[in-house]
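Student: Residue numbers (the numbering used here), protein chains in the order written: chain A, -19 to 255; chain B, 59 to 134.
To be clear, the hints were calculated from the coordinates, so they are not data collected in a lab.
A quick note: this is a predicted structure, and the numbers were derived from the prediction, not measured.
Glycine included, each C-beta is placed from N, C-alpha and C at the ideal position.
You may find that some hints are simply not true.
As the list claims (entries may be wrong) - FRET-style restraints, in silico, Cβ to Cβ:
(1) A:ASP40 to B:HIS115: 41 to 47 Å
(2) B:SER71 to A:THR226: 40 to 46 Å
(3) A:ASN201 to B:TYR88: 45 to 51 Å
(4) B:GLY101 to A:ASN119: 22 to 28 Å
(5) A:ASP28 to B:SER72: 27 to 33 Å
(6) A:VAL2 to B:SER71: 52 to 58 Å
(7) B:THR85 to A:ASN219: 26 to 32 Å
(8) B:SER72 to A:THR207: 19 to 25 Å
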Amino acid sequence: MTFILPSFGASAISAVPGGGGVLPSITNTYSVSFDGTNVYMNYALDADLGGAIMPSSYSDYDLTFSFWVKPLTSSDENIFQWAGVLTSGVPFMLISTQNSYVNRGFRSHSTNPTTNAWNHFLISRTASDNTWRVFLNGNSTPIASHNDGGTYGNGSNNGDLSAADKIWLANGYGGYGNVMIDEFAFWNSDQSANLTSIYNSGVPADLSSLTPYSWHRMGDNDSGTGTTITDQGEDSNGNPSGNDGTLMNGASIYSGTLDPNPDGDGPDFSSDVPS
Amino acid sequence: MRNYVIIDASEVSSVDFNQVLETSADTLRYNLAGTKTFVKFEGDTPSFLEGKTANTHSEMLEILAGEEWTDPDANP
C-alpha cells in the first residue's frame, strides 16, 4: 500500500529510514528536447564560495542535482555543465551520459543509462566525507564517486567556481547533447538520503516539500510553450529563486505527438515524460 | 522537419534570425577553425539560404561528429 503524504518539510522526509518517504505525485506533461547540434538551455547558478547560496569553505560544500534524461543515442551525450561559459574547457562540473567530471575528478560511469528510455540521475556532494556520488535510477550503489579531499584550487586549470557560473543543459566541453531532459532540480544541500523518495519508483514526484533551490520543470508551469523555463525553486527565505532558464537555438518543449485514433475514440495527446 | 544549412562565417551578417531557429549571432556554433557555422529552419527555405545544401538532422550530426567540428580529445 502506498501512502501519499501531505507536504511536510525536508526534515520529515529525511527522517524516514532509508529515505523511503513518499513524495506527493505531480502532473508532468512536458519535457525539453535537445537535438545535439547547437541547442541548449542555460540559467544562472552562483557557485562562488561564500556567495549567495554556497558556504565560504569548500569542505562544507553540500549539493545535489536530480534530473531525468532520455539519451537519444548510445553515444556519450553531454547532459549539463556548471561553468562560466558555453562549451567551457574548465567546468566545475560536466555530466554526460557515460562520464562525470566534478571538481577535477574524471570518472567513467560503471553503468550507463538506457538509450531511448527515461533514466533518473541524482548527483550529490557530501561535505562530511568530501565525496561526490552519481546515482542512477534509484540504485543506492553509485555508478561513480570521487573524493575531492575537501579542497578546491582556483586557477584556470582547475575548473570554474564563480558567481557568474551558469548551468548549461545539453552542453559541455566537446559538444552538445542529443537528449531529452525533464524535472531538473538543484539543492545546496545533500539530498542523497532522499534518493528513494526522489526516484519514486521511476515516476517524477512533487519535489516541493524538499525545497529545491532551483527546479526547472521543462515546460510544466510554462504551459508547454515559449523559450523561458520558469524556476520553481525557492531560496532559504522561501522566496522564488528566480533563476529562470532560457531555451536557445531551437531547443523545444516537447509537446508530444497527436495520435489520431489510438484507442478508437478520437485523437489523443501523447507526451514524452518519465512515467 | 528541421533542415540544417552550413554557411561561411562571413555570411552570418546576412542571416535573418527571425527565419531560423538560432537565437542570435552570438549563440551560433562554429567549426574548430572558426570559418563555418550553420543555421536550421523548419518549413519554407529562407531566401538567404536558397541554393545552399540542406542537411537532415542525422546528416548534420554526422558532419558535426567529424574532426572539423569536434575535437576528438575534448575532455576538460
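Student: Does each hint hold? Answer for all of them.
Tutor: Verification of the hints:
{"no.": "1", "hint": "A:ASP40 to B:HIS115: 41 to 47 Å", "in the structure": "holds (45 Å)"}
{"no.": "2", "hint": "B:SER71 to A:THR226: 40 to 46 Å", "in the structure": "violated (24 Å)"}
{"no.": "3", "hint": "A:ASN201 to B:TYR88: 45 to 51 Å", "in the structure": "violated (34 Å)"}
{"no.": "4", "hint": "B:GLY101 to A:ASN119: 22 to 28 Å", "in the structure": "violated (44 Å)"}
{"no.": "5", "hint": "A:ASP28 to B:SER72: 27 to 33 Å", "in the structure": "violated (40 Å)"}
{"no.": "6", "hint": "A:VAL2 to B:SER71: 52 to 58 Å", "in the structure": "holds (56 Å)"}
{"no.": "7", "hint": "B:THR85 to A:ASN219: 26 to 32 Å", "in the structure": "holds (30 Å)"}
{"no.": "8", "hint": "B:SER72 to A:THR207: 19 to 25 Å", "in the structure": "holds (24 Å)"}
Consistency note: the structure conflicts with the earlier hints numbered 2, 3, 4, 5.
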